[in-house]
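Note that the protein sequences, when read in sequence, are chains R and F. Under the working numbering, the letters of the first sequence match residues 1 to 617, in that order. Under the working numbering, the letters of the second sequence match residues 1 to 234, in that order.
Calculated from the structure, these hints are not laboratory results. Any given hint could turn out to be false.
[Said to hold, decoys possible] Keeping only pairs whose Cα atoms sit at most 25 Å apart, straight-line, the calculated DMTMM-like set for lysine to aspartate or glutamate is:
#1 F:Lys152 with R:Glu509
#2 R:Lys525 with F:Glu164
#3 R:Lys409 with R:Glu73
#4 F:Lys115 with R:Glu200
#5 F:Lys85 with R:Glu497
#6 R:Lys324 with F:Glu165
#7 F:Lys152 with R:Glu73
#8 F:Lys152 with R:Glu490
#9 F:Lys115 with R:Glu497
#10 R:Lys317 with F:Glu165
[As the list claims (entries may be wrong)] Facing chain R, according to a computed beta carbon distance under 7 Å, are these residues of chain F, among others:
#11 Gly46
#12 Ala47
#13 Cys48
#14 Arg49
#15 Val63
#16 Leu69
#17 Leu87
#18 Arg118
#19 Tyr119
#20 Gly151
#21 Lys152
#22 Val156
Backbone N, C-alpha and C fix where the C-beta goes; we use that ideal spot for every residue, glycine too.
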Amino acid sequence: MPMLATKKDLEFMKERLLLDRKKIDKTVIVCGGTGCKASHSQAVIDAINQELLAQDMDTTVHLRITGCHGFCEQGPIMVIEPGNIFYCHVTPEDAHEIVTTTLQNGEIIERLLYNDPVSGKKIRTEAEIPFYIAQDRQLLSQNREINPCSLEDYVAAGGFSALSKAIGSLAPQEIVHEIKVSGLRGRGGGGFPTGRKWTECYEAAGDEKYVICNADEGDPGAYMDRCVLEGNPYLVLEGMMIGAYAVGASKGYIYVRNEYPLAVKHARLAVQQARKYGLLGEDILGSSFCFDVDVARGGGAFVCGESTALMASLEGKVGEPRPKDVHTVIDGLWHKPTTLNNVETWANVPSIILNGAGWFASKGTKGSKGTKILALTGRIKNTGLVEIAMGTPIRDVVFGIGGGAIDGKAIKAVQTGGPSGGCLPVAKFDLPVDFDVLYEAGSMVGSGGMVVMDESSCMVDVAKYFLTFLQDESCGLCVPCRLGIDRMLEIITDITEGRGTLAQIDLLEELADTVTQTSLCGLGKTAANPVLSTLRYFRDEYEDHIIKKTCPAGVCKALIEYSIDAEKCTGCGRCLRACIHGAISGEKKEPHVINPELCQKCGICRSECQQEAILVK
Amino acid sequence: MLHYVTLKIDGADIHAPKGSSVLEVAIEYGICIPHLCHVPGLSDIGACRLCIVENIVNGRAQVTTSCTLKVQEGMEVRTNTDRIKRLRHNIAELLVAEAPNSRAIQDIAVRCGVKEVRYPFRNNNCVLCGRCVRACAEIWHANALGFVGRGKDRHVERPLNMREEFCKQCDYCIQLCPMTITPCDGPMKPGEEYLCGKCESQLMITEEVPDSCAWCRLGEGFNCGRYAGLKAVR
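Just need the whole structure built from these sequences, with the hints factored in.
Right, here's the structure in full:
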């Protein structure tokens with residue numbers, strides 16, 4: 001394998017690869033990300049491979065297994081170039097037809113095309129899908145261009161040219177300045193200006209410095225870091241190399257969550273390949289810059305995503321945060337200056353260096369620049385990973401890209417920023433996705449989770465869910481976080497079970513404020529956000545639970561009762577057969593009744609009933 | 001040679017050796033900041049959060065624990081503002097609701113102005129201040145005690161539940177434990193816990209001379225750094 005000793009070697013390698021690839025006239029792109037793998041994309045890949053071999057097309061058709069495309073619910077996803085033909089929900093049985101019909105004859109298989117749930121039309125190409133059109137895919141679009149296990153693919157797609165530019169013609173101060181001017185802010189949750197972090201680390205005294213990539217993503221329902229690291233580990237690596245050169249670090253760590261096996265594998269493979277090509281090691285690309293990266297696996301604690309806890313974990317200690325009176329850019333890993341950034345932040349660095357800070361700053365709002373990947377989930381038509389320019393209104397994301405509510409229900413709220421974020425009501429949907437604006441509104445952009453909820457969600461129950469999550473994940477070191485979350489959960493449980501009093505709401509607010517102000521680390525400081533934001537926008541729901549002892553959404557079991565509408569019930573017996581508690585009785589073709597003493601309020605009967613005769617009060 | 005810095009605590013100019021924490025300096029100068037997990041001579045972890053103060057940075061008051069905050073030239077710290085008093089009151093209330101069966105914690109509650117407890121009492125016998133764990137690790141380097149578990153499950157135990165032989169029977173853990181000092185009227189039974197408040201008269205003394213240490217008996221009760229320091233001198 002050739003070592004890339006100089007900048008010229010890299011350029012030569014790219015030219016040679018492009019020349020080699022001119023022979024290929026057709027490319028089949030299949031998503032091999034975790035989302036599509038879960039819908040058996042590996043079987044599709046194997047079937048297509050066999051079919052290509054059988055038809056003797058394996059030299060002219062290139063099968064590329066890529067990272068996540070973002071539209072995970074349609075998986076396995078396949079794109080055929082040229083033509084940009086988009087197939088979804090592909091099965092191994094379709095392989096023969098795809099190869100013979102589409103690849104040989106250039107005809108389209110109608111059945112595999114994407115059916116737009118909003119317009120009800122079949123859509124032929126990837127570029128025409130509304131889900132993609134409304135996005136600004138700077139990072140995610142690179143995923144389909146490369147096989148994450150192939151450094152050659154990345155180089156052919158123009159990879160490492162930013163690194164080459166940085167260490168060839170820019171001084172470290174110039175890179176730090178460029179990042180500062182670009183206005184890039186941390187994508188992990190805090191939104192701290194990356195340029196400021198790098199400046200402080202650059203100026204910090206010490207000959208030994210570190211860079212860390214935080215890939216310990218743990219927010220429920222969010223997976224953008226996993227997708228970027230799985231789909232394009234070289235981009236993250238290149239960002240880290242530029243960052244290390246800028247701040248003067250010679251060692252880097254990628255701290256990946258152990259529950260992301262594919263991301264661990266791809267990150268390790270990327271590091272190994274980069275070492276083989278001489279892109280990591282000593283005298284990189286003919287300069288005097290030396291840098292190496294290790295991949296460390298996270299031990300499975302949400303709190304390890306907090307920077308000081310992550311560093312403690314890397315040092316081999318218990319993953320608990322420590323006070324940050326002195327910033328980690330001065331006193332970080334092993335008490336050395338350390339720059340820690342999130343996966344998405346690092347991934348944004350190469351394009352800033354390549355295209356200039358002005359290009360990056362041209363997207364976004366005054367305080368938040370560039371694009372942000374959001375994990376759009378919940379009760380909407382289109383779910384998946386969405387990359388938008390900062391400043392896009394929430395409404396455009398939920399109703400435009402997301403396609404609006406399913407089952408004809410009304411959308412009530414969106415939860416942004418994971419457990420540390422908050423719930424925003426529909427009335428606030430005109431707010432832009434912007435670090436400062438969402439913070440003002442009582443929520444946050446956070447790492448980018450976006451869970452859409454409709455009228456079937458009880459906001460008190462949502463707050464309870466996030467508190468339960470945080471109670472489990474709090475390390476337990478400091479009193480406000482450990483006992484405060486515990487007591488908040490106790491109060492909310494009282495409210496959802498009908499024991500709440502109005503005085504408890506005031507206590508809840510006061511406690512939430514104490515936890516926010518006095519906790520040791522970011523987990524505790526933001527733990528009260530789900531409570532505070534639901535209290536701010538959905539106080540009436542809390543009051544309904546306390547005064548009227550009802551749950552308007554019909555979720556809190558202690559406050560609801562199931563019954564059957566005798567006028568609508570046709571006596572079909574579906575509910576009777578479905579009820580595992582034996583709580584439903586009735587004669588055939590006669591209205592059935594529910595015995596409230598036996599009813600466990602599981603809701604199975606409601607989902608079985610086709611007449612909508614099951615009432616929840 | 002010791003280097004000194006000058007800082008302001010509650011408006012008073014204070015000369016303090018570089019490297020010391022704001023809490024240590026405050027105790028030395030007789031400024032009363034309630035605290036629980038801090039023990040003179042042991043490392044500070046900022047677990048109990050009682051010693052919070054306002055640190056004025058660029059005109060903005062940041063709440064931080066004084067035990068982990070190192071003194072710096074020109075820094076301004078406020079220990080007794082209304083905001084701090086309110087937050088401290090709420091933390092002390094959480095603590096006393098968790099473990100009312102300790103005179104030390106009852107005294108802290110009184111000192112922080114807790115008049116009623118708005119949560120149901122629990123009768124736990126540990127508040128995870130970590131005094132024992134740090135004493136064991138740092139004084140004797142025995143490491144016979146450690147924290148096990150996370151969040152709600154966190155508790156103090158012999159690591160792997162089998163390091164009994166590591167214990168050097170120095171009894172430091174027992175001496176430092178705030179739970180070993182029972183309330184004056186004897187231990188409370190589960191279900192019969194109450195806020196003692198008997199030493200409220202002591203509070204008068206601390207209130208008459210605001211934010212300064214009046215050598216009240218409360219401090220002795222919760223093993224305050226000032227008394228502990230005195231013990232060490234003896």
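Here is what the structure says about each hint:
A distance of roughly 22 Å separates the Cα atoms of Lys152 of chain F and Glu509 of chain R; the hinted pair therefore holds under the 25 Å criterion. Distance hint between Lys525 of chain R and Glu164 of chain F is unfulfilled; the C-alpha atoms sit about 37 Å from each other, more than 25 Å. The hinted pair formed by Lys409 of chain R and Glu73 of chain R meets the criterion: a straight-line CA distance of about 20 Å does not exceed 25 Å. With a C-alpha separation of about 46 Å, the suggested pairing of Lys115 of chain F with Glu200 of chain R is violated against the 25 Å cut-off.
Pair hint Lys85 of chain F plus Glu497 of chain R does not hold up; C-alpha atoms about 33 Å apart against a cutoff of 25 Å. Restraint check for Lys324 of chain R and Glu165 of chain F: the C-alpha separation of about 36 Å exceeds 25 Å, so the hint is violated. Restraint check for Lys152 of chain F and Glu73 of chain R: the C-alpha separation of about 36 Å exceeds 25 Å, so the hint is violated. A hinted pair counts as satisfied when its Cα atoms are at most 25 Å apart, and Lys152 of chain F with Glu490 of chain R qualifies at roughly 13 Å.
This hinted pair does not check out: Lys115 of chain F and Glu497 of chain R have alpha carbons roughly 28 Å apart, beyond 25 Å. Note on Lys317 of chain R and Glu165 of chain F: the hinted pairing holds, with a Cα-Cα distance of about 23 Å set against a maximum of 25 Å. Here the hint on Gly46 of chain F is kept, as its CB sits about 5 Å from the closest CB of chain R, short of 7 Å. With a least beta-carbon distance of about 5 Å to chain R, the hint placing Ala47 of chain F at the interface is held under the 7 Å criterion.
For Cys48 of chain F, the interface hint holds, the least distance from its beta-carbon to any beta-carbon of chain R being 5 Å, beneath 7 Å. Against a cut-off of 7 Å between C-beta atoms, the interface hint on Arg49 of chain F holds, since the closest Cβ of chain R lies about 5 Å away. A cut of 7 Å between beta carbons decides the hint on Val63 of chain F: the least distance to chain R is about 5 Å, and the hint holds. Checking Leu69 of chain F against chain R by beta carbon gives a least distance of about 5 Å; that is within 7 Å, so the hint holds.
Of the supplied interface hints, the one on Leu87 of chain F holds, with its beta-carbon coming within about 5 Å of a beta-carbon of chain R, less than 7 Å. At a threshold of 7 Å, the smallest CB-CB gap from Arg118 of chain F to chain R is about 5 Å, leaving the interface hint in force. Hint status for Tyr119 of chain F: holds, given a least beta-carbon distance of 5 Å to chain R, under 7 Å. The criterion of a C-beta within 7 Å of any C-beta in chain R is met by Gly151 of chain F, whose closest approach is roughly 4 Å, and the hint holds.
This hint holds: Lys152 of chain F has a C-beta 6 Å from the nearest C-beta of chain R, less than the 7 Å allowed. Hint status for Val156 of chain F relative to chain R: violated, with the closest Cβ pair at about 11 Å, above 7 Å.
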